[in-house]
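Student: Sequence:
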Amino acid sequence: MPRYMTMIRIDENTLPPEGLGAEFEERMGALFEEITKAGVMLDTAGLKPTAEGTRATWSGGRISYTDGPFTETKEVIGGYSILQAKDMAEALEWVRRFLEIHPEDLTVTTEVREIVEG
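Residue numbering for the sequence shown follows the working numbering, beginning at -9 and increasing consecutively.
To be clear, the hints were calculated from the coordinates, so they are not data collected in a lab. Wrong hints could be hidden among the right ones.
[Stated by the list, open to error] In silico lysine-lysine, DSS-like type, Cα no more than 30 Å apart, as pairs: (1) K64 / K38; (2) K38 / K27; (3) K27 / K76.
[To be verified] Simulated DEER-style distance windows between Cβ atoms: (4) G69 / E94: 11 to 21 Å; (5) E8 / G58: 14 to 24 Å; (6) A28 / G69: 15 to 25 Å; (7) D95 / G50: 41 to 51 Å; (8) G50 / Q74: 36 to 46 Å; (9) L10 / G50: 13 to 23 Å.
If you're wondering where the values come from, they're calculated on a predicted model, not measured in any experiment. From the three backbone atoms N, C-alpha and C, an ideal C-beta is built for every residue, glycine too.
Model the full structure from these sequences, guided by the hints.
Tutor: Here it is, written out as structure tokens:
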């Protein structure tokens, strides 16, 4: 069965400093429990803010490093998941349910890509 990586993109400047609240956490926890019991969720995690990250870039035969935050970037990867689904349609159905849990005033984009096996 194919595996898919989802990359959850957010504008970290629009996140409320106090978080998204207990009700959001409960709904997300219930979805994660359901998707894990269904055998679809293989791994997931949120990522620390870009202020705590470093980018390594290979260009012109040299490596350069840039410490965060990455102010020139509006949208960053805030988390990821690895799903095992029968096809892209099933993976997208789970992504739809994940996105609908978020508050309406928050913009969250999830990129879904099949993992190349072998």
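Student: For every hint, state whether the structure bears it out.
Tutor: Hint check:
With a CA separation close to 16 Å, the supplied pair K64 and K38 stays within the 30 Å bound. A distance of roughly 27 Å separates the Cα atoms of K38 and K27; the hinted pair therefore holds under the 30 Å criterion. Our distance criterion of 30 Å between C-alpha atoms is met by K27 and K76, whose separation comes to about 15 Å. Checked against the given bound of 11 to 21 Å, the beta carbons of G69 and E94, roughly 19 Å apart, stay inside it.
Taken as a hint, the range 14 to 24 Å holds for the pair E8 and G58, whose Cβ atoms sit roughly 22 Å apart. Between A28 and G69 the beta carbon distance is about 19 Å. The supplied range of 15 to 25 Å therefore holds. Our hint of 41 to 51 Å for D95 and G50 holds, since their Cβ atoms are close to 42 Å apart. Roughly 39 Å separates the CB atoms of G50 and Q74, a value that falls within the hinted 36 to 46 Å.
Distance hint check: the CB atoms of L10 and G50 are about 42 Å apart, inconsistent with the given range 13 to 23 Å.
Against the hints set out earlier in the document, a violation occurs for number 9 only.
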